[in-house]
Amino acid sequence: MKLAIRSLVAIFALICQTADAQQISLPQANDDWYVQGQMILKQRMSIRPINHLAKNVILMIGDGNDPTTIIATRIFAGQLTGKPGEEHVLPYEKFPYVAYSKTYNTNAQTPDSAGTASAMMTGVKTLAGVIGVTANVRRGNCADAEANLATTIGELTEAAGMATGIVTTTRITHATPAAVFAHSADRGWEVDSRMPDEAADDCKDIAAQLIDFPFGDGIDVAMGGGRRNFIGTGDADPEDEDRHGKRKDGRNLVNEWKAKSNNHVVIYDTAGFDALDTNSRPKVLALFARSHMNFETDRADDVAGEPSLADMTKKAIEILSLEEKGYFLMVEGGRID
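In the numbering used here, the protein residues as written are 946 to 1282.
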């Protein structure tokens, strides 16, 4: 509401500035709202378009961050500063260009993150519950998926020789991060043990697709949770030996990642995270949790430690920035909803 009022004040101020028929007094000219409107007007008028091509792209996604959540966040953040809250402005509300988009799946008015993330990563809308395929598929039909693939932005950037990164607080195999690199007729096929036998014979699970990614030199940075989907039922969890992985195909994807080259590293905790030498351009698979990572308020409860979303993003940028051809980085705050 405050932004709307400021915009109206700015429009009003512009009208007053251009009116030349007669002089009109403005007793409100020194009012804080009016002054702020004038400032915003000057800022907007000073914006000039950037006409050259971008080298790097960072796509930040707040999964579930709808307008009501933004309002609640704005008020809470403002109240933390000792003010009423409504007048507060969040950083991304001050971007020079802000817009809304229509979000829906081709078969659902209320969309899920698989279909919406696929739309962002491929440029085409699709069904709820599918990843990296067009709307011509039947959910859960492996053959349909293979016949209706949609090229992802991760495939495009890697094919172009750019660097590609994924940072999320969910499982790396979850719908939004998976849409960067994977194609699946069902978002639930994160690991082979979640797939029907007939599908597992012909289609790869999402975790395997990350490791086997065939474009360029592969995904450069993948940070998040979902450790259980990368190790077998006979493999003990690195942080909890009493628990095991979910894979039934005999593959240990963690070991396969490390075997790719001496520069492919796997980390599980803050010690490994802090020890990363970003200047060596490591290929990083960071699996900080068996499933989703902790909420920010619960991070301290993780015995081995989890980096924050901000820390992961900063580290990913440090690594990806070393690619001269540029990079694409998808960052997801995935536990809002």
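Hint data in this document are derived by calculation from the structure and do not stem from the laboratory.
There's no promise every hint is true.
Calculated cross-link-like contacts (lysine-lysine; reagent style DSS-like; alpha-carbon spacing at most 27 Å) [claimed, not checked]:
| id | residue 1 | residue 2 |
| --- | --- | --- |
| 1 | K1203 | K1149 |
| 2 | K1270 | K1193 |
| 3 | K1070 | K987 |
| 4 | K1270 | K1259 |
| 5 | K1000 | K1039 |
| 6 | K1047 | K987 |
| 7 | K1259 | K1039 |
| 8 | K1193 | K1149 |
| 9 | K1270 | K1203 |
| 10 | K1205 | K1193 |
| 11 | K1000 | K1193 |
| 12 | K1259 | K1205 |
Hint by hint, here is what the structure shows:
no.	hint	verdict
1	K1203 <-> K1149	holds (20 Å)
2	K1270 <-> K1193	violated (39 Å)
3	K1070 <-> K987	violated (38 Å)
4	K1270 <-> K1259	holds (19 Å)
5	K1000 <-> K1039	holds (23 Å)
6	K1047 <-> K987	violated (30 Å)
7	K1259 <-> K1039	holds (21 Å)
8	K1193 <-> K1149	holds (13 Å)
9	K1270 <-> K1203	holds (25 Å)
10	K1205 <-> K1193	holds (22 Å)
11	K1000 <-> K1193	violated (41 Å)
12	K1259 <-> K1205	holds (25 Å)
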